[in-house]
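K.L.:
With the hints as constraints, model all of the structure from the sequences given.
Protein chains: 2
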Amino acid sequence: MTSIRPRPATITDIAKRAGVSTATVSYVLNDTPGARIPEATRSRVRSVADELGYVPHASARSLRTGSSDLVLYVQMDVVQGPLASRFLHDLSRGLRELGYTLMQYGPERSRGVKAARSWAGMRPSAVIAGDDRLTPAGIELLRKADIRVIAVGTSSGRAKELGVSTLTMDHHGLGEIAGRHLVERGCRDIASVVPGQDVLRQMGERRLAGVRSGAGVAEESGSGAGVGSGTGSEVTVRRHDMDWTPESAAELVGTWLEEGLPDGVFGYNDEFSGLLLGALVDAGVRVPEQVALVGADDVMLCQMLRPRLTSVRMESEDPEATARRIVDAVRGRAEVHLSPWTPVLVQRET
Amino acid sequence: MTSIRPRPATITDIAKRAGVSTATVSYVLNDTPGARIPEATRSRVRSVADELGYVPHASARSLRTGSSDLVLYVQMDVVQGPLASRFLHDLSRGLRELGYTLMQYGPERSRGVKAARSWAGMRPSAVIAGDDRLTPAGIELLRKADIRVIAVGTSSGRAKELGVSTLTMDHHGLGEIAGRHLVERGCRDIASVVPGQDVLRQMGERRLAGVRSGAGVAEESGSGAGVGSGTGSEVTVRRHDMDWTPESAAELVGTWLEEGLPDGVFGYNDEFSGLLLGALVDAGVRVPEQVALVGADDVMLCQMLRPRLTSVRMESEDPEATARRIVDAVRGRAEVHLSPWTPVLVQRET
DNA sequence: AGGCGTTGGTTACGCGTTTAAGCTAGGTTA
DNA sequence: TAACCTAGCTTAAACGCGTAACCAACGCCT
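Which chain is which? The protein sequence lines are V and B, in order. For any residue, its number in the numbering used here is found by taking its place in the first sequence, counting from 1, and adding 427. For any residue, its number in the numbering used here is found by taking its place in the second sequence, counting from 1, and adding 427.
For the record, the hints were derived by calculation from the structure and aren't laboratory data. From the three backbone atoms N, C-alpha and C, an ideal C-beta is built for every residue, glycine too. Some hints here could point you the wrong way.
Cut-off 20 angstroms, straight-line C-alpha distance, at most; resulting in silico cross-link-like pairs (SDA-like, lysine to any residue) [claimed, not checked]: (1) Lys541(V) to Lys443(B); (2) Lys541(V) to Met503(V); (3) Lys571(V) to Ser474(B); (4) Lys541(B) to Ala564(B); (5) Lys571(B) to Thr437(V); (6) Lys443(V) to Glu478(V); (7) Lys571(V) to Gly759(V); (8) Lys541(V) to Ala467(B); (9) Lys541(V) to Asp559(V); (10) Lys443(B) to Ala467(B); (11) Lys571(B) to Met503(V); (12) Lys541(B) to Leu525(V); (13) Lys571(B) to Pro483(V).
Derived list of chain B stretches under chain V, where covered just means 3 residues or more per stretch with a C-beta under 8 angstroms from a C-beta of chain V [claimed, not checked]: (14) 483 to 490; (15) 533 to 544; (16) 566 to 578; (17) 693 to 705; (18) 724 to 735.
Chain B is nowhere near these chain V residues, computed Cβ spacing over 10 angstroms in every case [unchecked claim]: (19) Ile464; (20) Thr562; (21) Gln624; (22) Glu661; (23) Thr682; (24) Leu688; (25) Arg751.
P.N.:
Here you go:
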């Protein structure tokens, strides 16, 4: 009370005041099994601790025990939107139940060894990060510090080889669903959008590949033609770059009007698709009569647009089970490789 | 190398290997001013540190120095969406430049003393949290631990009295802009939407009050009538609850069709407005001819909808300055009370 | 030769916590 | 009576780091 600088209470303070040693305080406050402390002492210590507003010093504890309860989630763009927040929520709960604390770090712009070093500094039990932030050297550094690594990304390929746990999203499968749907709907000239932006581009490429595969078009057929599976008629899938702006959407639609309108569009995303839908309506194109449109993620936006947007949603069959598996990886029990979401078509009006 | 459990290198390891004392290593690695170490020794120490993959133990350091570089941002629903992420980005950068590390904690469900205790455990320099998570007792606990508190919320009232820094959003002013705009546009029967959901409701109430004020209607005029400012004709503002679902939007529009269509709607939000727009179009209502619609936040969604959604956007005049002020609060230099966003109307087609 | 300033370090301690090991008083057993 | 338990503590040693205080050796001046 009289001290100028308020110094938080320590177990030493409690010990003095309760007339016991610090060890006793520690035993009481941690309910250490095997410690023989009579109830009278216990309650005395506890009430003093309460009175002093004691709160244990996490740093000191982790310094002593050598391990922290911290799990670092390095913010990334790989998994985003409602899916990410749902996932984060489940994960956070699962970890908390096991005594871990999930902390989000970022937005992070550094990568590789430099990033790994800054993560390792806080000696977390595990790091969950986008695989674009991880390099072999960085992973090695973390492993040496006995920190588990979980790489999140589009493809588990590289990370898997490095022996870290992975969490992937099946963008290819998502694209396949969209491609197949469009072909079944009768589309023969499909346009697939790839975002120009850095991180999204990779995912766009994978989704594009998926659309091709779903539409029964050979991988490398650029803007060429392939044979539609089953139907026998020709299906083409062309790739188009677009930025996340209304102007870019209008420009792309302009290009289509010149070069010939596709009859089916996979907009990469609900958001990209929303912009495209607006631009198409502006151009007087009737959706879905002239152009069918499929988005992805199934966000609320789909239900705001008229016509309502058809979308491919990533469904998690059992979020809790996923969280549990990740917790396993965090504890170092196992190296897990998960891809816990299944793409499902949500058909609406476009 | 031969150790089973990989133990991260410490300065002691480096010291041994470089043939110097730990003090020297510390001096070198921290570039301690005033320490007289010749370049030869410096580089030797550094290379050994590199070789061993040394990374300083954040806990040990903060234990020693008594202060951590950690700033805790407790996730909340009060400030959300694109505004929040932009803000977080600026803040994170500003803090990093000053040597702080911003960490997001949450989603947090506990509150009061219990929450404060768990935050205090990691001895951060400051905690930034929604004011709905803070109680006087919790704030007191944090203050005793010499941790700065920044309360984020709709109204700085309560928190200000408790002597913590505040960061508020002028929801009332936002509503005012919307209300004034609708009246100027000729609307006389205005409907203002308030979300049913917990956290959003408070903000909805404030925005509603703003709409009333902007429309020149007395505060407590429920669904009664007031005198339009300047025009002399009567303006009414009615309040409507709605959930964030398409069904709820349709229901509300249904109510309007029965009770009489308003000629102006403030949808609380772009998202709520988007749902309403869809429902209105479904009902054959022409927007904006029959009903003018104003959202808020000015997210990309506005440019996807047709007609394009008019919105009130919160503009930050100087994000960096804001970040700097907050950093001041974090350092304990000053108790700041900020409301760094100005509502601005972005007129589009609705 | 003695005093002094500078260079290049080292020693020693404390931060708050956990935990293995020891110690004491009283009771039980041989 | 001595040896031996056991309950109920206490002592002391870490953990990794920062830093004030100290120290030896050397060059230089008087």
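K.L.:
A separate judgement is required for each hint: does it hold in the structure or not?
P.N.:
Hints versus structure:
no.	hint	verdict
1	Lys541(V) to Lys443(B)	violated, 25 angstroms
2	Lys541(V) to Met503(V)	holds, 16 angstroms
3	Lys571(V) to Ser474(B)	holds, 18 angstroms
4	Lys541(B) to Ala564(B)	holds, 10 angstroms
5	Lys571(B) to Thr437(V)	holds, 13 angstroms
6	Lys443(V) to Glu478(V)	holds, 13 angstroms
7	Lys571(V) to Gly759(V)	holds, 14 angstroms
8	Lys541(V) to Ala467(B)	violated, 25 angstroms
9	Lys541(V) to Asp559(V)	holds, 13 angstroms
10	Lys443(B) to Ala467(B)	holds, 17 angstroms
11	Lys571(B) to Met503(V)	violated, 36 angstroms
12	Lys541(B) to Leu525(V)	holds, 18 angstroms
13	Lys571(B) to Pro483(V)	holds, 14 angstroms
14	483 to 490	holds (count 7)
15	533 to 544	holds (count 3)
16	566 to 578	holds (count 5)
17	693 to 705	holds (count 5)
18	724 to 735	holds (count 7)
19	Ile464	holds, 23 angstroms
20	Thr562	holds, 14 angstroms
21	Gln624	holds, 14 angstroms
22	Glu661	holds, 32 angstroms
23	Thr682	holds, 19 angstroms
24	Leu688	holds, 18 angstroms
25	Arg751	holds, 19 angstroms
Of the numbered hints stated above, those contradicted by the structure are hints 1, 8 and 11, listed in ascending order.
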